[in-house]
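There are 4 protein chains.
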Amino acid sequence: MAISTSKTLTTTLEQQYQVVRRRTEEICAPLEIEDYGLQSMPDASPPKWHLAHTTWFFETFILLPHGEGYDAFHPRYGYLFNSYYEAMGVRHPRPQRGLLSRPTVEDVYQYRAYVDDHILAFLRQAAMDPALIDLIRLGLHHEQQHQELLLTDLKHGFHLNPLLPAYREDLAGADHVSLGQTSILKPLGWVGYVGGVHELGAPEQGFAFDNERPRHAVYLQDFSVADRLVTNGEYLEFIEAGGYQNPAYWLAEGWMTVQSEQWQAPLYWEYEAGRWWIMSLGGRRWVCLDEPVCHVSFYEADAYARWAGVRLPTEAEWEVAAQDAPIQGNFAEEDRFHPMPLQGQQRPAQLFGDVWEWTQSAYLPYPGFSPAPGAVGEYNGKFMCNQMVLRGGSCVTSQSHIRASYRNFFYPGARWQFSGIRLAKDGMHLGSQP
Amino acid sequence: MAISTSKTLTTTLEQQYQVVRRRTEEICAPLEIEDYGLQSMPDASPPKWHLAHTTWFFETFILLPHGEGYDAFHPRYGYLFNSYYEAMGVRHPRPQRGLLSRPTVEDVYQYRAYVDDHILAFLRQAAMDPALIDLIRLGLHHEQQHQELLLTDLKHGFHLNPLLPAYREDLAGADHVSLGQTSILKPLGWVGYVGGVHELGAPEQGFAFDNERPRHAVYLQDFSVADRLVTNGEYLEFIEAGGYQNPAYWLAEGWMTVQSEQWQAPLYWEYEAGRWWIMSLGGRRWVCLDEPVCHVSFYEADAYARWAGVRLPTEAEWEVAAQDAPIQGNFAEEDRFHPMPLQGQQRPAQLFGDVWEWTQSAYLPYPGFSPAPGAVGEYNGKFMCNQMVLRGGSCVTSQSHIRASYRNFFYPGARWQFSGIRLAKDGMHLGSQP
Amino acid sequence: MAISTSKTLTTTLEQQYQVVRRRTEEICAPLEIEDYGLQSMPDASPPKWHLAHTTWFFETFILLPHGEGYDAFHPRYGYLFNSYYEAMGVRHPRPQRGLLSRPTVEDVYQYRAYVDDHILAFLRQAAMDPALIDLIRLGLHHEQQHQELLLTDLKHGFHLNPLLPAYREDLAGADHVSLGQTSILKPLGWVGYVGGVHELGAPEQGFAFDNERPRHAVYLQDFSVADRLVTNGEYLEFIEAGGYQNPAYWLAEGWMTVQSEQWQAPLYWEYEAGRWWIMSLGGRRWVCLDEPVCHVSFYEADAYARWAGVRLPTEAEWEVAAQDAPIQGNFAEEDRFHPMPLQGQQRPAQLFGDVWEWTQSAYLPYPGFSPAPGAVGEYNGKFMCNQMVLRGGSCVTSQSHIRASYRNFFYPGARWQFSGIRLAKDGMHLGSQP
Amino acid sequence: MAISTSKTLTTTLEQQYQVVRRRTEEICAPLEIEDYGLQSMPDASPPKWHLAHTTWFFETFILLPHGEGYDAFHPRYGYLFNSYYEAMGVRHPRPQRGLLSRPTVEDVYQYRAYVDDHILAFLRQAAMDPALIDLIRLGLHHEQQHQELLLTDLKHGFHLNPLLPAYREDLAGADHVSLGQTSILKPLGWVGYVGGVHELGAPEQGFAFDNERPRHAVYLQDFSVADRLVTNGEYLEFIEAGGYQNPAYWLAEGWMTVQSEQWQAPLYWEYEAGRWWIMSLGGRRWVCLDEPVCHVSFYEADAYARWAGVRLPTEAEWEVAAQDAPIQGNFAEEDRFHPMPLQGQQRPAQLFGDVWEWTQSAYLPYPGFSPAPGAVGEYNGKFMCNQMVLRGGSCVTSQSHIRASYRNFFYPGARWQFSGIRLAKDGMHLGSQP
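Protein chains in written order, with UniProt numbering: chain A, 1 to 434; chain B, 1 to 434; chain C, 1 to 434; chain D, 1 to 434.
Please keep in mind that the hints were generated in silico from the structure rather than gathered at the bench. Mixed in with the good hints, there may be bad ones.
Stated by the list, open to error - Derived coverage of chain C by chain A (criterion: at least 3 residues anywhere in the stretch with Cβ under 8 angstroms from a Cβ of chain A; other residues may be distant): (1) 76-86; (2) 100-106; (3) 161-174; (4) 413-427.
Stated by the list, open to error - Which chain C residues face chain A? A few, computed with CB under 10 angstroms, are given here: (5) Arg94; (6) Phe158; (7) Gln262.
Said to hold, decoys possible - Cβ-Cβ distance ranges computed for the label pairs, FRET-style: (8) Pro75/A - Pro95/C: 50 to 58 angstroms; (9) Asp117/A - Leu163/C: 34 to 42 angstroms; (10) Arg285/D - Arg91/B: 24 to 32 angstroms; (11) Pro93/B - Glu68/D: 51 to 59 angstroms; (12) Pro30/C - Gly427/D: 52 to 60 angstroms; (13) Pro365/C - Glu204/D: 26 to 34 angstroms.
In this text, a Cβ means the ideal position worked out from N, Cα and C, and glycines have one as well.
I would like the entire structure built from these sequences, with the hints used as guidance.
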């Protein structure tokens with residue numbers, strides 16, 4: 001019967017809700033109160049803001065319109081914690097999020113508890129409109145995205161602090177990551193795929209963001225993708241070959257950025273006392289040669305690929321390569337929050353987890369795409385300009401959050417995400433080195 | 001015999017060379033000496049620079065490496081008139097092109113004459129390497145691009161002058177363009193195309209830029225394109241419906257641009273004394289309702305399409321629609337330098353000429369694309385980021401310069417090109433209004 | 001005997017040290033931990049930084065060079081909490097002070113306690129070099145300056161928070177300040193002074209900053225100064241007379257600033273619901289007409305004076321008028337932290353306390369000035385360019401900190417200090433209204 | 001009889017008018033038409049604008065209000081060629097003056113001829129209001145200021161051109177200026193002055209700008225001024241001693257400017273091929289050691305003086321030293337347009353001509369100053385903030401334009417004027433080296 005089914009569904013949803021919401025607070029547990037207000041650049045947000053904004057989502061889209069007799073926790077929070085939803089009215093300016101010393105951290109945790117109580121009561125209450133279930137599920141995926149941003153934004157904020165604070169010193173893998181000063185990896189190999197008409201995008205059933213749909217046909221030429229990610233060691237060869245000094249490898253805008261930003265290496269790399277150091281969420285370490293290179297921009301990924309004589313995959317190629325692969329890898333659940341050297345025999349390996357993989361595809365609507373009506377429709381569609389697609393999730397992405405059809409997107413110059421490089425090339429090559 | 005064929009070819013090339021080079025100078029004939037130095041923004045260049053840079057191309061890529069005993073006209077011109085070719089060394093900074101009061105206009109015309117003499121002698125000389133023929137041909141297409149930029153840059157420069165100078169007062173059509181204050185057009189109709197695997201791009205033979213190749217298969221869904229361009233009258237409805245005030249129609253970056261630039265209408269439109277005025281190369285006029293709307297950014301084109309409930313075409317869709325259409329229309333040869341109301345019965349109409357048509361496709365490499373080796377390889381490939389494709393040429397494009405496979409590209413916020421709007425939608429619709 | 005005198009002196013100094021240092025922490029007592037990191041603009045600093053920087057002064061100039069066996073509290077604090085002392089090495093960039101979530105507030109209070117213990121031990125120890133006594137005294141005056149900045153910076157930070165937090169709701173005078181909606185003041189009168197050669201600057205004995213010396217002769221014409229400060233009510237007349245719309249009253253740079261910053265009233269004024277509101281450290285209130293106008297820039301003070309047909313005093317005129325006046329008024333000790341309406345019969349009144357009074361004098365060295373050698377010499381002299389002198393202290397200045405010869409200085413566009421307006425004019429006028 | 005006297009006066013004025021107006025055009029005679037539009041930075045203006053703006057002054061302040069039946073030459077020129085006179089209405093934005101390719105140079109010369117005809121007719125006409133005579137005289141001094149700016153602005157524009165054009169190759173002194181690679185000068189000496197009450201400013205009679213009045217008493221301490229200007233050779237010692245690398249010599253804002261602008265030497269100096277070169281209006285030359293150093297900012301002048309252990313003079317000191325000196329020196333009339341090594345025996349020497357001498361005085365109103373009523377009152381008074389006073393005229397100033405009381409003023413970071421360094425110190429020193 002429809003109602004009992006719905007009941008079962010919402011029970012599950014209730015559990016999911018609690019798990020996801022609790023997880024966000026666990027991520028914040030190691031923080032000092034002072035850290036909650038840290039905003040190191042306009043693109044990043046303070047932890048306090050992430051905690052409140054994800055709560056605002058449930059208050060604004062569920063409780064205020066649908067929660068009978070619900071009173072907003074605070075009349076100004078709607079203004080303070082709206083992000084980019086123009087349809088929801090004027091917003092507090094993004095670059096000033098770090099200036100909100102009030103509400104306090106304590107206030108924000110009370111806000112979370114208040115909204116959680118009401119959402120859970122709402123979920124237990126009765127049969128729910130399936131559209132509302134979808135909306136709550138969207139809210140949870142939205143919160144998982146912010147869990148990742150919490151960590152990327154914190155890492156950025158901490159690295160500007162001359163005291164070089166570590167987010168946590170007990171992260172998994174922290175004991176051995178600096179050891180790999182000699183590569184023990186096999187050379188990069190290739191896995192080929194036959195061209196022709198392929199299907200792309202999320203199927204109609206199951207959760208997916210609107211930008212992953214509709215599923216549609218594309219025509220691909222034969223292509224090959226690298227059987228693993230590009231490593232720090234390989235990227236170091238590019239640096240040492242003068243990659244950052246030679247315009248021939250760079251897109252025009254990439255080259256301008258290299259010069260204006262004076263890039264010499266990936267973000268968080270520093271050369272000191274005769275060696276390269278890297279800033280991680282566990283503190284400062286030597287660069288490990290066999291770890292996947294991380295915190296590179298699209299410009300750097302593209303330049304590296306040109307230097308290597310190959311290219312980045314398109315998002316269609318990536319998805320074809322990934323659609324039958326198991327969703328396994330170095331995710332946030334591993335509690336490393338750092339990419340790790342290749343494990344196992346799978347080919348291609350490391351498609352999921354470790355680092356988001358830049359593709360050469362601009363972030364554009366799929367044929368037949370139309371955003372959801374209303375404010376929720378602002379979620380993805382309106383960013384479809386000037387950004388590039390990344391695929392596969394990273395070491396700070398939750399395993400339960402990622403899919404083969406998942407499309408992440410950032411500006412080509414962004415480096416503070418856990419973003420890395422997978423190579424591709426034309427034709428079905430069987431050889432090893434690019 | 002190969003050599004005589006080559007002889008014939010170069011004879012033709014010699015004529016082409018003379019025609020194209022002369023045309024550039026004809027475009028400049030109405031200018032005052034003072035106008036030759038005008039640079040109104042970093043994206044634009046002074047006429048004098050266009051005259052010299054196109055000449056520099058032939059000197060740098062033909063005469064210096066291949067012209068036996070050739071002496072450069074001036075040792076510093078290589079530095080002054082290089083544009084973006086990093087491989088050719090350091091360049092004079094683009095935003096300072098307007099600060100070069102020397103060389104004088106007279107000097108630059110002498111530079112042109114000197115290089116022309118040497119190129120013509122070179123062409124007459126003997127059998128030529130086909131690669132050099134291709135390079136000279138590329139130089140002529142390059143010069144045709146700058147002929148168009150000469151006019152777009154001048155228009156921009158003149159419109160900032162409170163005296164509102166006209167480039168020429170004797171342009172064709174100047175007598176009647178302001179009259180159409182009432183629309184006499186039929187409502188917009190649609191032409192449908194069957195989906196499936198289509199071919200895209202320039203064939204291997206014949207001149208085309210490297211970015212149009214290789215020709216390759218794409219898979220398209222059924223689609224329809226509008227049977228004519230969007231007019232000023234239709235765009236005015238969008239303005240009057242509050243299009244520039246409502247974020248719902250805009251990409252996020254578009255909306256930011258509308259606000260920061262305080263856009264209220266297309267570039268060169270001004271509301272004064274109860275009506276809309278437009279700045280043209282022939283001077284200031286009333287806005288004519290049935291002329292295609294022009295000087296809109298991609299953001300505006302996209303917002304208009306959303307407001308109208310449809311979308312822009314992809315470049316693949318546009319090319320499928322255009323590949324059998326005759327290359328006819330309102331080109332520079334018409335000597336109007338302004339879009340004109342729909343003429344004739346062709347469906348879809350106005351694919352070529354009048355205005356460059358924004359597509360919803362980002363400017364990216366075709367599958368299998370590789371840039372030419374050396375400095376010439378910087379021509380197109382390195383701009384393949386953050387720009388959108390436009391198709392079809394405009395009223396300032398030479399008819400001999402355009403093709404169905406021609407890919408123009410500009411930043412989504414650019415408005416000083418003659419850029420307009422063709423609508424598209426999913427499926428094979430037969431109705432009339434979007 | 002010399003040693004016992006010195007002993008007495010240092011005992012007093014020990015008490016002074018404890019009083020001043022404790023006062024800084026009392027000012028911070030009402031803050032939430034989150035407030036300690038708030039930096040709302042590059043010119044302002046977070047409370048945590050003020051707490052640490054004033055401590056750094058004692059550590060750097062006393063303990064490290066002179067404290068036998070003293071170990072720095074933390075090796076990086078010298079870098080983090082240096083302000084503008086170039087001679088002390090590279091500094092952490094000022095605009096990023098708000099990004100230091102670590103050290104925590106707790107860490108900084110420990111730093112204070114550690115340095116206080118060592119300074120107090122140092123003071124008790126034995127006969128001291130008089131130069132060190134002077135240096136410690138300088139450190140205490142330096143700390144009193146930062147006590148004032150703590151409050152001005154906090155006020156600025158809080159006013160950008162849409163929640164409009166009050167620093168304290170129990171400030172003195174908070175109960176009646178909004179009542180004065182009708183002025184009960186007598187019209188402004190004038191006090192005349194005879195010109196001729198006057199003496200200016202601090203005498204050789206007693207504490208003064210280096211910029212107050214040497215005492216020297218100046219020649220003044222006859223002049224008059226207003227017998228009280230300009231009030232909100234009087235300034236409102238300027239606003240309502242279109243003062244912010246008429247370039248005739250403004251210096252060229254002032255007018256540019258009015259336009260670029262869109263100034264319409266003093267900082268912290270807001271027009272809402274039919275009346276003017278003001279943000280104070282005690283929260284938001286109505287504007288009280290008889291309070292001295294506050295938070296105006298030099299440009300506004302100068303424009304107001306021109307509109308009123310008079311001018312601002314020079315610093316020499318101000319000092320002549322103030323040199324025999326008692327140092328009494330509305331200081332920080334009153335615990336109002338807000339200017340208050342005229343009290344008492346003194347003429348001229350309000351010379352000390354309430355608001356810093358802009359003069360028309362640029363901040364320049366006195367004849368014969370030379371800065372102290374070494375890093376301490378950077379205290380004042382190197383700012384002698386592009387700033388204007390203010391005199392008399394404000395409602396957030398400590399009474400024990402101010403003197404008739406005290407020269408404060410800020411950029412002419414600065415408004416976040418408690419700065420107001422005293423008028424002056426040429427000649428010895430006896431009338432009342434300007 | 002009054003009328004005949006007036007007649008005589010206006011006859012003289014007529015001659016002065018013709019001399020000054022002709023001189024402006026003589027300065028422009030060596031220019032190419034292309035040079036007339038050159039604006040190399042917002043602070044500079046194109047020659048065409050100087051030619052038109054000085055004409056606009058006479059049209060706006062004389063002919064339009066007082067010329068019976070006078071028709072403006074062009075209705076938009078009032079808008080285009082107004083400079084900073086807010087009272088005269090909206091102005092064309094200063095940074096866009098270089099974008100006015102129209103009116104043409106020919107148009108502007110016709111504008112000059114038209115206004116000259118009308119002014120001369122006006123002058124011949126009859127008895128004139130003395131206030132109008134003053135205004136015309138002001139217009140001529142205004143034009144002489146622009147004659148100087150024409151040359152300083154051109155020099156700036158040409159030095160950005162990689163072709164390094166010379167304004168004129170036949171300037172006086174061009175043959176020997178590069179020879180002085182060994183200094184033949186005596187060490188700098190000092191001339192002492194007794195302190196006490198001195199008079200400062202222009203007397204009531206005779207032409208002077210409003211900012212030179214009223215003449216008033218000041219009290220000075222004993223002081224000495226250097227008996228000549230600082231030379232390139234002496235300044236080179238400062239450079240070689242690391243002056244540009246040591247913050248100890250610099251005002252805080254000066255040091256920030258050194259770093260942000262990467263200053264290493266005066267403007268127009270370049271180190272190449274083992275020696276220092278200098279750009280002059282006559283082309284590029286070696287630096288001559290005995291020429292006065294030129295094109296330094298106030299920051300550099302002040303830093304040099306600190307390094308030398310002395311200081312810059314105040315404007316009062318300078319004027320006391322200059323008030324009995326003959327107005328002789330290397331002025332524009334010498335046709336060198338470049339400073340020259342010390343000539344003659346006068347002490348102090350080089351007070352007039354060669355280079356404007358930075359003083360340590362901020363540009364502020366004299367006691368009792370009030371600007372003229374109306375738009376002409378905007379001439380000087382509204383700039384009395386953030387600028388420093390320079391004295392004595394330069395090698396591009398007309399001898400007939402300068403006075404001991406003349407106050408020039410520029411921002412402390414400005415370097416494109418012919419500005420140099422005279423040292424001063426406290427007390428009446430008789431020695432030689434500082």
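So, going through the hints one by one against the coordinates:
1. Counting residues of the segment 76-86 of chain C whose beta carbon lies closer than 8 angstroms to any beta carbon of chain A gives 3, which meets the minimum of three for the stated coverage.
2. For the segment 100-106 of chain C, the stated coverage by chain A holds: 6 residues have a C-beta nearer than 8 angstroms to a C-beta of that chain, and at least 3 were required.
3. With a threshold of 8 angstroms between beta carbons, the proposed coverage of the segment 161-174 of chain C by chain A holds, since 4 of its residues qualify and at least three are required.
4. Closer than 8 angstroms: that is the beta-carbon criterion, and the segment 413-427 of chain C has 0 residues meeting it against chain A, so the requirement of 3 is violated.
5. Contact between Arg94/C and chain A, as hinted, is not supported at the beta carbon level, the nearest pair being about 14 angstroms apart and thus beyond 10 angstroms.
6. For the restraint placing Phe158/C at the interface with chain A, the shortest Cβ-Cβ distance is roughly 8 angstroms, inside the 10 angstroms limit, so the hint holds.
7. Hint status for Gln262/C: violated, given a least beta-carbon distance of 16 angstroms to chain A, over 10 angstroms.
8. Checked against the given bound of 50 to 58 angstroms, the beta carbons of Pro75/A and Pro95/C, roughly 32 angstroms apart, lie outside it.
9. A hinted range of 34 to 42 angstroms for the beta carbons of Asp117/A and Leu163/C is inconsistent with their spacing of about 23 angstroms.
10. At roughly 28 angstroms, the beta-carbon separation of Arg285/D and Arg91/B lies within the given 24 to 32 angstroms, and the hint holds.
11. For Pro93/B and Glu68/D, the Cβ-Cβ distance of about 52 angstroms falls inside the hinted range of 51 to 59 angstroms, so the restraint holds.
12. Between Pro30/C and Gly427/D the CB atoms are about 54 angstroms apart, so this pair conforms to the stated range of 52 to 60 angstroms.
13. Take Pro365/C and Glu204/D: their Cβ atoms lie about 32 angstroms apart, and the range 26 to 34 angstroms holds.
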